[in-house]
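Colleague: In case you want the letters, here they are:
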Amino acid sequence: MSTIVSLPDQSTARVPKRNYLTNENGLLSWLLTGDHKRIAILYLISITFFFFIGGALAGLIRMELLTPQSDLMASDTYNKIFTMHGVVMIFLFLVPSVPATLGNFLIPIMIGAKDLAFPKINLLSWYLYLAGGTMTLAAMITGGVDTGWTFTTPMSTHFSNTNVVTTGLAIFIAGFSSIFTGLNFIVTVHRMRAPGMTWFKLPLFVWANYAASVLMVLGTPVLAITLVLVVLERTVGIGVFDPTKGGDPILFQHLFWFYSHPAVYIMILPGFGVISEVISTFSRKRIFGYTAVAFSSMAIAVFGFFVWAHHMFIMGVSNYAVLVFSLLTMLVAVPSAIKIFNWAFTLYKGSITFETPMLYAFGFMGLFTIGGLTGVFLGSAGTDIHLTETYFIVAHFHFVMVGGMLMAFLSGIHFWWPKMTGRMYPEKISQLAAVVTFIGFNLTFFPQFLLGMLGMPRRYAAYPPEFQVLNVFSTAGATILGVGYLLPMIYLVWSLKYGKVAGNNPWQATGLEWQIQSPPLTENFTTIPIVTQDVYDYEWLERQKEHEVTHVG
Amino acid sequence: MDHLSPVIWQFLIKWLTNFAVIPPEASRIAPQVDALLVFMTLVSLVGLTLVALLMTAFSILYRRDRNPVATQIEGSTLLEATWTIIPLGLFLVMFVWGSVLYFRIYTPPPNAMNIYVVGKQWMWKAEHPGGQHEINSLHVPINQPVQLTMISQDVFHSFSIPAFRVKREAIPGRYTTVWFEATAVGTYHLFCTQYCGTAHSAMIGEVVVQSPEDYKKWLAGSTSGVSLAQNGERLFASLSCNACHNGQPNSRGPSLADVYGSKLNLTTGQPVLVDEAYLRQAILNPSAHITEGYAPIMPTYQGQISEEGLISLVEYIKNLSSNYRVQQTLNTSALLPESPDKKAAGAQGVAKP
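Chains A and B, in that order, are what the protein sequence lines are. Counting with my numbering, you get residues 1 to 553 for the letters of the first sequence. Counting with my numbering, you get residues 1 to 353 for the letters of the second sequence.
Just chain A, same shape as in the assembly:
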């Protein structure tokens, strides 16, 4: 018999007085907290802040590209803006977003633990994130950096007069936040599962974050080393990447992409986890082929490390290396296809409703499918030559990372908002926001596939006039997309005070997190639960409800 806390649900329409938010008061109680839920909230606030900075920069980029001339700003300014857009969005938003906010909040609860394995290291990683973020902002304000977020050498080491060192060190520091978070998750999932919580009873969200953590711990140090080498080359001229000193500029590409390709999976895997939870909940079904979905996450994590050179097909790696990396890239596309079909078939014979998280998840499915399929265009060596370094690649990775990752993030934020705050978001307007986001997104990025096919290169402040019509569409779409992102920002804050009281389990979902009060107590569970039911066991949930009713009656 499980001993999960079951407080009476909708009967008392009040947010419980004692919870992790009200437990202690004052700024210091937040800044020195060891509570994984509070740290998650700290992350949520800071990540949202950086997302809006990155978004504003994106808006400026789209405004500049409205006309073929470089007339809104000088080329140098444009270069700095797209560099900062990339740096902020990748390192300060996409990489930490789901793991650091939702993952931090939910993983301990989902496995029946009181906290993460190392609460103080968890707090430290937030401070490292904040330090990295602040340094990045400082670099931006004091002159910016214009190397592109990829820091390509020898551009970054010898030919740029901007704040490469500051930005490089900022990312180096923020990287440790990522490493520590990954480490914390891995240890927590291994050591702190509640009795009965076997590996194959883990929610898929935990599996996905576990896989991403492995990538963070193994990949991020390589990025850190690479950035240190860039800084050393720039300051003392060690010459690892300098051909006149016997170094090799291609080596930088290898090192950089050895992290930055897996980084794509660090970003997208936790998103996969969110989608699995949401689709299961709103179709009231166990995920179709749970094991396949769990293992495909691990397969992506493992294969993800062996495809980095597909960023370098035109860069002078040997023809046979191209063959190997092209083949491996095709193989890594397969687990993603498996997931898409498994999610689609989860709907089969389900009992489906279309609340906001589900709408975002549907949006994710469409956009990620397009993003994934266009990735195959780039993985196939012959077509990659024509499409790489054009707007096709810009569209592709925005479909995967913004269309995929950001939709998943928004889906997850709406899904767990009642658990995190005890309040519901307003349903109608959030459904509208989800639809607006989807339309805006497609209008922004679909024309960029066509631009890429036509050959428009990326990172251009000015472009030949025949590309204008598609750029106008794209900028118009970006405006709509901007509205789609601002709406949740407004109504979610509104809901903190005026939202309907959520109750413990507004979605009638199965996870452990839904069996405790909303918002949770600081210690999550009053007694550590013993898990007897299977994961996504909706029949068990029904029996629980009947059980409660008979007891109350």
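Some hints here could point you the wrong way.
Unchecked claim - List of simulated lysine to aspartate or glutamate pairs, EDC-like, C-alpha gap at most 20 Å:
1) A/Lys349 to B/Glu74
2) A/Lys428 to B/Asp65
3) A/Lys349 to B/Asp65
4) A/Lys349 to B/Glu80
5) A/Lys245 to B/Asp154
6) A/Lys201 to B/Glu74
As the list claims (entries may be wrong) - Quick list of simulated restraints, FRET-style, between CB atoms:
7) A/Asp71 to B/Glu206: 21 to 29 Å
8) A/Asp71 to B/Pro6: 20 to 28 Å
9) A/Thr235 to B/Asn143: 49 to 57 Å
10) B/His133 to A/Leu66: 34 to 42 Å
11) A/Pro465 to B/His133: 24 to 32 Å
12) B/Pro24 to A/Ile490: 44 to 52 Å
13) B/Glu206 to A/Ala138: 38 to 46 Å
14) A/Met298 to B/Ile73: 18 to 26 Å
15) B/Asn143 to A/Met298: 46 to 54 Å
16) A/Thr235 to B/Ile135: 30 to 38 Å
17) A/Ser318 to B/Val96: 13 to 21 Å
These are calculated hints, taken from the structure and not from any lab test. Just so you know, these numbers come straight off a predicted model, no measurement behind them. Each residue gets a CB set at the ideal place from its N, CA and C atoms; glycine is no exception.
Given chain A's structure and the hints, the job is docking chain B onto it.
Modeller: Showing chain B alone in chain A's frame:
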């Protein structure tokens, strides 16, 4: 209609009429690349439609009001195997097809004519063997395979001609090559697609494909009077390379006649194929590969010769087919009274301080 909005009207007329989804096909390889692109687009559309159809159909059939209680299903090995194996098969087809194409795009035919391209912040400089130089433009004859040997003088650049469906990075410190055979007379975009700093988006040029007659006319009209090889010959003399590489049996350096394309034995025991890249490295970093039977005494010319100068030297050495030419160099340089040292010959190739 134009009373609606003159701006929108003009927009429609001016741009929508020129709207294209695929750039012109102007090279031998372009239709082959497009065939694969079309195949991939079709497969993607089928895949996307399938996912969309499944989701729409299930959403309609199994929405809560029609189907209040879900039926729990574990999964289905058969179905899952299907959607693992079919995508895998399709991806493998794309892999093989794409790889065949890749080898075709980057393997030049033996009869290709060679043009050198140097990328620098922020221009493309093309050097024709006849000594014609051009900046941000490239003239090529139609129906003739052309190989570009490229290098960058500073940062990464990338040479892209969308109408030809080819692209290749120009990398500091090493030669890369790309080839194409233009099939339609006209002027096409030439882009730098690798971000290279301030004026990256201004590093646009044009590729002019001409009929053989027009191309000959252009060559004749733009010649500087000194071919690359001749310029290389002057450099060879002014840098005193001929003091050792003079083809005499007892000279300090090996003879360079017919060396291009041959296999040399190094003191390490390894054979090496002499190509452009090897020649360039041998000039800049001579002690790294010493030919069997010679002492490692050649000084490095790192920092003393510009990339254009190196190209001239390489072109000169490539064309050396007998001792007679080396002998002639010795004579020519002796007969050139006003250019006895590096500085005078430097205008064409010696690196500026």
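Colleague: Given the hint of 49 to 57 Å, is the C-beta distance from A/Thr235 to B/Asn143 inside that range or not?
Modeller: 53 Å, holds
Colleague: Look at the Cβ atoms of B/Glu206 and A/Ala138 and judge whether their distance stays inside 38 to 46 Å.
Modeller: 42 Å, holds
Colleague: Look at the Cβ atoms of A/Thr235 and B/Ile135 and judge whether their distance stays inside 30 to 38 Å.
Modeller: For B/Ile135 against A/Thr235, whose Cβ atoms are near 34 Å apart, the range 30 to 38 Å holds.
Colleague: Within 20 Å, alpha carbon to alpha carbon, are A/Lys349 and B/Glu74?
Modeller: Distance ~12 Å between A/Lys349 and B/Glu74 Cα, so the pair holds.
Colleague: Within a Cα-Cα threshold of 20 Å, do A/Lys349 and B/Asp65 meet the stated pairing?
Modeller: It holds: about 13 Å lies between the C-alpha atoms, which stays within 20 Å.
Colleague: Given the range 20 to 28 Å, decide if the beta-carbon distance of A/Asp71 to B/Pro6 lies inside it.
Modeller: Once the Cβ atoms are compared, 21 Å apart, the range 20 to 28 Å for B/Pro6 and A/Asp71 holds.
Colleague: Evaluate the given range 34 to 42 Å for the C-beta pair formed by B/His133 and A/Leu66.
Modeller: 37 Å, holds
Colleague: Confirm or reject the claim that B/Pro24 and A/Ile490 have a C-beta distance inside 44 to 52 Å.
Modeller: With Cβ atoms ~48 Å apart, the hint holds.
Colleague: Given the hint of 13 to 21 Å, check if A/Ser318 and B/Val96 actually sit that far apart at their C-beta atoms.
Modeller: Given a distance of about 18 Å, which is inside 13 to 21 Å, the answer is holds.
Colleague: A/Met298 and B/Ile73, beta-carbon distance inside 18 to 26 Å?
Modeller: 23 Å, holds
Colleague: Okay, A/Asp71 versus B/Glu206 on CB: inside 21 to 29 Å?
Modeller: Since the Cβ atoms of A/Asp71 and B/Glu206 sit about 23 Å apart, the hinted range of 21 to 29 Å holds.
Colleague: Can the suggested window of 46 to 54 Å be confirmed for the beta-carbon pair B/Asn143 and A/Met298?
Modeller: 53 Å, holds
Violation of the numbered hints given earlier is absent; every hint is satisfied by the structure.
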